[in-house]
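Visitor: Residue strings, one per chain:
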Amino acid sequence: MLKIDHLSKRYGETMAVDDLDFEVTPGVVTGFLGPNGSGKSTTMRVIIGLDRPTHGRATINGKTYDEFKAPLREVGALLDAKALDPSRSARNHLRALATANRIPIKRVDEVLEFVGVASVAHKKVGGFSLGMSQRLGIASALLGDPGILLFDEPVNGLDPEGIRWIRDFFRSLAKEGRTVFVSSHLMSEMAVSADQIIVIGRGKFITSGTVAELTANATGTVYVRCADATRLGEVLGALEGVCEPANEQGLNVSGLSSDQVGEAALSAGIAIYELTPQRASLEDVFMSLTADSLEYGHHDAGVAP
Amino acid sequence: MSDSPTLVDTTRSEMLKFRTVRATFIGLATLVVLTIGLAVLITIVIRTNWNQRSLADKLAFDPVATSLAGIFFAQFAVGVMGARFITAEYASGAIRTTLTAVPRRVHLVLAKAIVLLVTFFVVSEAVVFAAFITGQSIYRSGHLPSVSLADSTVLRAVIMAGIYLTLLTLIGFGLGLILRTTSVTISVYVTILLIIPIIVNFLPSSWQDHITKYLPSNLGESMLSQTPSVRSFAWGTAALLLAIYCAVIVAVGAVTLVRRDA
Chain S
2 MLKIDHLSKR
12 YGETMAVDDL
22 DFEVTPGVVT
32 GFLGPNGSGK
42 STTMRVIIGL
52 DRPTHGRATI
62 NGKTYDEFKA
72 PLREVGALLD
82 AKALDPSRSA
92 RNHLRALATA
102 NRIPIKRVDE
112 VLEFVGVASV
122 AHKKVGGFSL
132 GMSQRLGIAS
142 ALLGDPGILL
152 FDEPVNGLDP
162 EGIRWIRDFF
172 RSLAKEGRTV
182 FVSSHLMSEM
192 AVSADQIIVI
202 GRGKFITSGT
212 VAELTANATG
222 TVYVRCADAT
232 RLGEVLGALE
242 GVCEPANEQG
252 LNVSGLSSDQ
262 VGEAALSAGI
272 AIYELTPQRA
282 SLEDVFMSLT
292 ADSLEYGHHD
302 AGVAP
Chain U
2 MSDSPTLVDT
12 TRSEMLKFRT
22 VRATFIGLAT
32 LVVLTIGLAV
42 LITIVIRTNW
52 NQRSLADKLA
62 FDPVATSLAG
72 IFFAQFAVGV
82 MGARFITAEY
92 ASGAIRTTLT
102 AVPRRVHLVL
112 AKAIVLLVTF
122 FVVSEAVVFA
132 AFITGQSIYR
142 SGHLPSVSLA
152 DSTVLRAVIM
162 AGIYLTLLTL
172 IGFGLGLILR
182 TTSVTISVYV
192 TILLIIPIIV
202 NFLPSSWQDH
212 ITKYLPSNLG
222 ESMLSQTPSV
232 RSFAWGTAAL
242 LLAIYCAVIV
252 AVGAVTLVRR
262 DA
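Chains as they are written, first to last, in my numbering: chain S, 2 to 306; chain U, 2 to 263.
Bear in mind the hints are in silico, worked out from the structure with no lab data behind them. Note that beta-carbon positions come from the ideal geometry of N, C-alpha and C, so glycine has one too. There's no promise every hint is true.
Now the stretches of chain S that chain U is said to cover, found in silico as 3 or more residues with beta-carbon under 8 Å [stated by the list, open to error]: (1) 20-28; (2) 80-89.
Taking CB as the label site, the calculated pair distances span [as the list claims (entries may be wrong)]: (3) U:D262 x S:S289: 30 to 36 Å; (4) U:I199 x S:G63: 30 to 36 Å; (5) U:I196 x S:E111: 22 to 28 Å; (6) U:I199 x S:E111: 46 to 52 Å; (7) S:L187 x U:I245: 52 to 58 Å; (8) U:A151 x S:E111: 40 to 46 Å.
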């Protein structure tokens, strides 16, 4: 059980993580979603003891990371795949980690084989592509056969085949009863790979739940195509619906249900050709949830400073 | 857990890291070439020019110090190697992986210090003995005054030369822990060994007498000297003082590592 307990981390003036408080349960893949700069990496760095929290703490089965003598047997983490000495071979890199945690050396060859890096195990890691480094990072995370696994933006640098492989891999780790905590700034990725999602923005907790729960609460839009879009727009506007023209005959209506739109059109005597409720995607939910908390706003393109 | 890793495991891991990068062997080769190579070069030059020397020069001739003159240059090689053992990890980001495996940071400092202490003590002693023996045989071949290791003060001076290099390796390492970047660490290290003695030279001589003998480079000279002067420490005091500097710098480095985010 991974527990984030009223955790805050300040870097100078910046509050990178602001009173995060949640638990990550074993047996499912938990996504950690937030825009870039929202504090995901900082939270992970605190979990594995690289950074000291300003307030609160992160515990693994009740202990902080630095209380473990052989932490790699408790937690496997892949935070920065390129954080390696480039002049050492992949195998020697893992051997050093294994030795420090009293993990049998034969396990090194097992994990190298598993992630498909065995053939280049004797090559210097400085020459590895990002994808290969990611695989080596996964190997080092698995080295101690830990019950808790943390991955920070793991799909970066992977090809489509690798992305699919890693999704299946997360699922199988979770199925074995492990805690799998995966961060991403891509909601589309989380929608397919995570069972449970925790959303943060600007270091603060925003919401959590399953993909279905997160999208259910969000109001979707209604697409309507009719004989007189302009007049229907006026009618719906009076009912406090917000209409955006979708095409010559069509409108995207938000704030009203499809039933309300249909009834309004009937009473106004406007023929309807098409009426479709549009479910909010996780992406829409994410955008609306984090709109206020983006670290950098989007500026109009083409305006050079 | 009964099979919990100990400091021994951390040290073995660090030793494995130390010997699995080529930079280690390039650095150690530099140490060998500088110390022994310069011993050969300097002693041959002295042998060649011996007859041009004045009597006073001949009487002041120190066969031990001249054969070990290479350590003046070797001290920079060992300092850089000691520093890089930690700063290279910061440069690549590997320190984060290291601390993930060994979150007990004081343990990590101890393990790295043990690796450096053992390796550089063995290599430095081997190298200074080789330099000394080579130098003396070159002097003997030219019928110059030479000394032997049977003389206990000579033996002591040669052993101290190896200890001096070992301690300076650890000073480089400690500075690296505090400063984190290779370039800054080397600048500070060179400043301590080369620049500060020059600055002290410009101070009033009454001040110099009090300051100079405490400088690491002067402590080194005192450790090697067979005839202590009133203006410097005896060899034992000098060695102890340098060891204390070394321990303090590494301890400050350990505290820095523990306190700061990686």
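Visitor: Each hint needs a verdict: does it hold in this structure or not?
Guide: Verification of the hints:
| no. | hint | result |
| --- | --- | --- |
| 1 | 20-28 | violated (count 0) |
| 2 | 80-89 | holds (count 9) |
| 3 | U:D262 x S:S289: 30 to 36 Å | holds, 33 Å |
| 4 | U:I199 x S:G63: 30 to 36 Å | violated, 58 Å |
| 5 | U:I196 x S:E111: 22 to 28 Å | violated, 53 Å |
| 6 | U:I199 x S:E111: 46 to 52 Å | violated, 58 Å |
| 7 | S:L187 x U:I245: 52 to 58 Å | holds, 55 Å |
| 8 | U:A151 x S:E111: 40 to 46 Å | violated, 57 Å |
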